[in-house]
Amino acid sequence: MDVIAFQSVSKVFGHQRGLFKRAATDPSFALRDISLRVSSGSVLAVLGPNGSGKTTLLKLISTMLLPDQGRVLVHGSDTRRHAQQVRSQVGFAISGERSFFPRLTARENLEFFAALDNVGPKIRRGRIGTILARTSLLAMADIWVSNFSSGMYQKLAIARALMKPLSVLLLDEPTRSLDPVAASEIRTLVRELSAEGTTVVIASHNFEEVAAVADSVLVLRRGKIDAACGVSPITVEAMQSLYSQSTEAADIRDAACVLERVS
Amino acid sequence: MIGPGLADKAAAILRRDVFTAMRYRSASVLTIAGVAAELAAFYYLAKAIGPSFRPEGTDYFSFLVVGTGFYTFLVMGIHSFLHTVQEAQQGGTFEFLMTTPTAPSIVLCLSALSAFSRNAVQFVLYLGAGLLLLKEPLRPRELGASVMVFLLSVAIAVAIGMMAAALQVATQKGSVILWALGSGAWLLTGTLFPVADLPRWLRSTANLIPLTHALNAMRSALLEGSGRSKLLQEIGVLAAFCLVLLPLGLLSFSYSLRRARLQGTLSSY
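Just so you know, the sequences run in chain order A and B.
Position in the first sequence counted from 1, then plus 896, gives you the working numbering.
Position in the second sequence counted from 1, then plus 6, gives you the working numbering.
Don't take each hint at face value.
Simulated restraints on C-beta separations [said to hold, decoys possible]:
1. B:G188 to A:S1042: 29 to 35 Å
2. B:L257 to A:A1035: 31 to 37 Å
3. B:A126 to A:G1022: 53 to 59 Å
4. B:L139 to A:H978: 56 to 62 Å
5. B:V182 to A:I1039: 33 to 39 Å
Computed far set for chain A versus chain B, every beta-carbon distance over 12 Å [what the hints assert, rightly or not]:
6. D964
7. G972
8. A1035
9. S1073
10. D1075
Simulated from the structure, these hints should not be mistaken for laboratory data.
Being a predicted model, the structure only gives us computed values, none of them experimental.
We put the CB at the ideal spot given by N, CA and C, even for glycine.
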């Protein structure tokens, strides 16, 4: 069953007039005519150079952005028409240190966001403990997040995304600031979540990470799908070939993963 | 989700704000010091002007305390909507607050109402301190009516606040515009002197501002001087403003949010 579906989706930035601007800026396609489907419980990795549209793709699923053309569906719910339904099923961990209240502790931050995520007060406290333990943050639970390192912020972002009973988890470079041990823990967590039935979409530059967790890989270039691979196991070598020279399909076929050119 | 869920969310937001205020103690102390200085300034201003000046038939210090206290309460309430958005944009939490299963307008209103309750405490303390300085204690003439005026005025401030938040989402510079409008309103709404003392054309403009009627009504309810019919008339005007402004506020916020999601400016600041 498809949990996420993109139907001819395009996203353009700078095409609309600003409130006080005389003219619109030049439009640029962040995503162009994207169609894809992600099945339940699978892990899709999205690769691509900076500015290729990876984060835009995740934000469209999360409803942070709305498509200009086409439809994005999560469990059949259109992100434009049934945004609240989509939001109750999707957790998003974005990379970066902002997005928390600095003078609240990790536990207080999670409590706050969990309340807005409709996690009831009776189960909240227990769930926070479980999630903090699962993301190796239990020892830091009662420390202001302004004292956190980049890696801790990253883990806390994942913890926040996991607070609600979600079916889709979006991870934007989830191990970017993590040490090797912590990164390995996050990869294990992703596999566990996938085994539990959560569909995961990861935007990443890290081939090892993708090889460790992904069931399928998508390469974006200038907002278009450049290549896709849906066969496991996916190897680092295959992705290196795919990423650096995706037009030479023959090189890719030599690798363990059979890659299908789609554009 | 309405009902217990809403109360839980309101409590979560209130808890966040209380913890944050407690942990930024110096800011809270400076606010209290500023309010005390303002009150002292008005006390000596009224004393310098002398007892013969009785705007709308009431003691000038009472006129100032109720006018400035209530004006500040309402304007800070309006600003709190804008600040909620602005702080969330700058802190990076805005995108997340606007993509929880809780409707964005509810998140915004609960956040602003948390600030409103803080402002209400400040307003009550301000009035209380004013009472201590007054030789003749303030006697609310129409307690029920003053509560009604308070609630209608809060509803208007919520509506204007939603528009201010919409402006912040759309331009990321809403505070500049609101500051400019606020300065004009301070002059025109009769905070420091009666609107009747303004030139006729300015008086007409002043009457189009809902806060003018909020201050008139609150003074009528709390102070000696004006009649009951004037109070009822002002309550009617406030109710009419509510009916028009509340849907307008909600619509403008939803529209600007949708526009930001399309333009990709939700996280811009």
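A quick look at each hint next to the structure:
{"no.": "1", "hint": "B:G188 to A:S1042: 29 to 35 Å", "in the structure": "31 Å, holds"}
{"no.": "2", "hint": "B:L257 to A:A1035: 31 to 37 Å", "in the structure": "47 Å, violated"}
{"no.": "3", "hint": "B:A126 to A:G1022: 53 to 59 Å", "in the structure": "35 Å, violated"}
{"no.": "4", "hint": "B:L139 to A:H978: 56 to 62 Å", "in the structure": "57 Å, holds"}
{"no.": "5", "hint": "B:V182 to A:I1039: 33 to 39 Å", "in the structure": "37 Å, holds"}
{"no.": "6", "hint": "D964", "in the structure": "7 Å, violated"}
{"no.": "7", "hint": "G972", "in the structure": "17 Å, holds"}
{"no.": "8", "hint": "A1035", "in the structure": "21 Å, holds"}
{"no.": "9", "hint": "S1073", "in the structure": "15 Å, holds"}
{"no.": "10", "hint": "D1075", "in the structure": "23 Å, holds"}
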